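**Q** Here's the letter readout for the chains.
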Amino acid sequence: MDFYYGLAQTVGIHTLLGLSAYIVLLTGQVTMAQAAFFAIGAYAAGMLTVLGGWHIVPALGAGAVFGAATACAVGFPALRVKGLMLVVATLAFGEGVRLFFFNFDYQVAKGEIKVGPLGGEGFRQIRYFQEHGWSTGEVMLFIWVFVILSMAALWWFDRSRYGAVLRAVGEDELAAQSVGVNLTAVKVSAMTVGGAVAGIGGGLYAHYTTHIEHANFNVLLATFAIAYPIVGGLKNVFGTLAAVIFVQAFLIEGLRFLGDWRNLLFGALIVAAMNLRPQGFLGGRRA
Amino acid sequence: MLDFLQAVSDGLLFGATYALIGIGFTLVFGVMHKLNLAYAAASIGAAYAGLLILQVAAGAPPWAVFLCAFLGGGVIGWLVYLTCFHFIPLSNPLAPLMSTVGMLLLIDEIIVHVTAGMPQNYPAMFDDVMLRVGEFTLRGDLLLVAGVSVVCMIALLALVYRTRLGLATRAVSQQPVAAQLCGIRVAQVNAMTFIVTGLLGGIAGALIGASVGALSPLLTTPLTVKGLIVTVIGGLGSIPGAIVAGLLVGAFENVFQQFRGVTERDLYVMLLLFAFLVFRPSGLFKP
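As you go down the protein sequences, you meet chains A and B in turn. For the first sequence, the working numbering begins at 1 and goes up steadily by one. For the second sequence, the working numbering begins at 1001 and goes up steadily by one.
These aren't lab readings, by the way, just hints derived from the structure by calculation. It cannot be assumed that every hint is accurate.
Straight-line distance between alpha carbons at most 25 Å, and here's what the computed SDA-like set of lysine to any residue pairs gives [as the list claims (entries may be wrong)]:
#: 1; chain 1: B; residue 1: LYS1034; chain 2: A; residue 2: LYS114
#: 2; chain 1: B; residue 1: LYS1034; chain 2: A; residue 2: ASN275
#: 3; chain 1: B; residue 1: LYS1034; chain 2: A; residue 2: PHE102
#: 4; chain 1: A; residue 1: LYS235; chain 2: B; residue 2: TYR1161
#: 5; chain 1: B; residue 1: LYS1034; chain 2: A; residue 2: GLU173
#: 6; chain 1: B; residue 1: LYS1286; chain 2: A; residue 2: ASN218
#: 7; chain 1: B; residue 1: LYS1034; chain 2: A; residue 2: LEU220
#: 8; chain 1: B; residue 1: LYS1286; chain 2: A; residue 2: VAL145
#: 9; chain 1: A; residue 1: LYS235; chain 2: B; residue 2: ALA1158
#: 10; chain 1: A; residue 1: LYS235; chain 2: B; residue 2: PRO1093
#: 11; chain 1: B; residue 1: LYS1286; chain 2: A; residue 2: MET85
#: 12; chain 1: A; residue 1: LYS110; chain 2: A; residue 2: GLY96
#: 13; chain 1: B; residue 1: LYS1286; chain 2: A; residue 2: THR184
#: 14; chain 1: B; residue 1: LYS1034; chain 2: A; residue 2: ALA268
#: 15; chain 1: B; residue 1: LYS1286; chain 2: B; residue 2: TYR1161
#: 16; chain 1: B; residue 1: LYS1286; chain 2: A; residue 2: ARG167
#: 17; chain 1: A; residue 1: LYS235; chain 2: B; residue 2: LYS1034
#: 18; chain 1: B; residue 1: LYS1034; chain 2: A; residue 2: ASN218
#: 19; chain 1: B; residue 1: LYS1286; chain 2: B; residue 2: ALA1158
#: 20; chain 1: B; residue 1: LYS1034; chain 2: A; residue 2: ALA168
#: 21; chain 1: B; residue 1: LYS1286; chain 2: A; residue 2: PHE266
#: 22; chain 1: B; residue 1: LYS1034; chain 2: A; residue 2: LEU174
#: 23; chain 1: B; residue 1: LYS1034; chain 2: A; residue 2: THR184
#: 24; chain 1: B; residue 1: LYS1034; chain 2: B; residue 2: TRP1078
#: 25; chain 1: B; residue 1: LYS1034; chain 2: A; residue 2: ARG256
#: 26; chain 1: A; residue 1: LYS235; chain 2: B; residue 2: ILE1088
#: 27; chain 1: A; residue 1: LYS235; chain 2: B; residue 2: PHE1087
#: 28; chain 1: B; residue 1: LYS1034; chain 2: A; residue 2: ASP172
Since the model is a prediction, treat every value here as computed from it, not as a measurement.
Next up, chain A with everything else stripped away, as it sits in the complex (with noise of 0.2 Å):
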């Protein structure tokens, strides 16, 4: 049973890390910081509980506001380029966050033993939840907690006329922006909210493992967050949690028995799947 929990775990957290991608994605805006902020939150998250001896959810609430706040501070410059100029200045900011945790040292003498980051060598000793006698099924709840509020949030922004305004950036600026919107204030807004929701996938991610490091946050990972909404469509959320569930629940756990073949099929099937459904798995007619 603790399998699944722990499989739940990860979907809620990369959920999460989908979702902070999914409402940036909406402006029509692709961005590969999201693993920066998702770092940002967990070793926020994480030295607040360690060193700072918090509870957890004010800790998460912190990385929250510091993934949002790198999101606003990096929203700025970074969106008056636009596009596929904005990959890779949005790339090149998650490696320079990377190398910045590759190159931070924060240690702290704990009992007999020092914690907190150490640069390569990373964070290790992040154990709120097994210093506090969580379960696993109790830990796993606690993330869902999040996810569906997470969910439940955006959901409404989508409904709402803030998503509408998003949506309206995103299939035509030029049209948007006649009709009055403020395309600045809208992309870094949506940049924003991501950066808030990766802080807290980040946090809880920190939590979960126990011990994180730099070759974390890696290109991989942000290849990951913007993958699970485009491969699940943009149409609602359950598309990036469908993504999520086929990528880590079917792709990797799934074909586990594959053993070595099953990483070639990874990739093969991703591209299958963007050929097959250009628009994601929920995607409605048009993307």
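Once you've looked at the hints, dock chain B against the given chain A.
**A** Chain B alone, transformed into the frame defined by chain A:
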């Protein structure tokens, strides 16, 4: 001072390969307005394909390996076009982005699968030659890299600006609909662009293999990031821009590698990119 000049000259020579990779990204972008994220992986894949000839005829000379990589690159380029672009509607910007990511993972995994993850030695030419100019040394293999790159660039420029295919390519890149109305087969031109960039990529991959001395699938991600950075600094869609930016990035990173160490090197390359995005977002050469 001498160290500095030496670092610059080595970097410039190696930067020629970045220029080739940048040209590949920029050409596809110029013609299709799409990003082919699988390009760097395909180039490395082609370099591996070059090694296949050693399996067939042991002791084949290095130039045969290079030729085989060149031709393999063309084939892989065509396959990438067929699997990632041909069947996906042109109006959809996200699906080909994702399918090329899938292709990137697939090529990586094929390499890992075939070589069992072991780095492969790559034959080099002139690696025992050292040119001495006063207190300078110029590595023979790096000179070869730069020389072959220059020949490739001249051939490419001649192809684009002096042949009917080049004329058609430029027509499609400027006005796809008008080009189609004039009787140009757009799909064929697109496929040819992928074959040409694939051939270039094959050479670039082989040159990188020869100057590093070994090939490993770990090369693909950094090379993708560097290639994209070169493309953006040079100006998306500009061939001369990619050449100049490739040399610039090569020299820049080698200087910082010399003085700040290999872990911090890429951080400075990212900063260079951000300086360009803030002060000159359209790149060195506006296409």
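**Q** Each hint should be assessed against the structure and marked as holding or not.
**A** Hint check results:
{"no.": "1", "hint": "B:LYS1034 / A:LYS114", "in the structure": "violated, 49 Å"}
{"no.": "2", "hint": "B:LYS1034 / A:ASN275", "in the structure": "holds, 16 Å"}
{"no.": "3", "hint": "B:LYS1034 / A:PHE102", "in the structure": "violated, 32 Å"}
{"no.": "4", "hint": "A:LYS235 / B:TYR1161", "in the structure": "violated, 44 Å"}
{"no.": "5", "hint": "B:LYS1034 / A:GLU173", "in the structure": "holds, 18 Å"}
{"no.": "6", "hint": "B:LYS1286 / A:ASN218", "in the structure": "violated, 31 Å"}
{"no.": "7", "hint": "B:LYS1034 / A:LEU220", "in the structure": "holds, 20 Å"}
{"no.": "8", "hint": "B:LYS1286 / A:VAL145", "in the structure": "violated, 49 Å"}
{"no.": "9", "hint": "A:LYS235 / B:ALA1158", "in the structure": "violated, 46 Å"}
{"no.": "10", "hint": "A:LYS235 / B:PRO1093", "in the structure": "holds, 16 Å"}
{"no.": "11", "hint": "B:LYS1286 / A:MET85", "in the structure": "holds, 13 Å"}
{"no.": "12", "hint": "A:LYS110 / A:GLY96", "in the structure": "violated, 30 Å"}
{"no.": "13", "hint": "B:LYS1286 / A:THR184", "in the structure": "holds, 24 Å"}
{"no.": "14", "hint": "B:LYS1034 / A:ALA268", "in the structure": "holds, 20 Å"}
{"no.": "15", "hint": "B:LYS1286 / B:TYR1161", "in the structure": "holds, 18 Å"}
{"no.": "16", "hint": "B:LYS1286 / A:ARG167", "in the structure": "violated, 30 Å"}
{"no.": "17", "hint": "A:LYS235 / B:LYS1034", "in the structure": "holds, 23 Å"}
{"no.": "18", "hint": "B:LYS1034 / A:ASN218", "in the structure": "holds, 23 Å"}
{"no.": "19", "hint": "B:LYS1286 / B:ALA1158", "in the structure": "holds, 20 Å"}
{"no.": "20", "hint": "B:LYS1034 / A:ALA168", "in the structure": "holds, 22 Å"}
{"no.": "21", "hint": "B:LYS1286 / A:PHE266", "in the structure": "violated, 38 Å"}
{"no.": "22", "hint": "B:LYS1034 / A:LEU174", "in the structure": "holds, 20 Å"}
{"no.": "23", "hint": "B:LYS1034 / A:THR184", "in the structure": "holds, 24 Å"}
{"no.": "24", "hint": "B:LYS1034 / B:TRP1078", "in the structure": "holds, 16 Å"}
{"no.": "25", "hint": "B:LYS1034 / A:ARG256", "in the structure": "violated, 34 Å"}
{"no.": "26", "hint": "A:LYS235 / B:ILE1088", "in the structure": "holds, 19 Å"}
{"no.": "27", "hint": "A:LYS235 / B:PHE1087", "in the structure": "holds, 22 Å"}
{"no.": "28", "hint": "B:LYS1034 / A:ASP172", "in the structure": "holds, 18 Å"}
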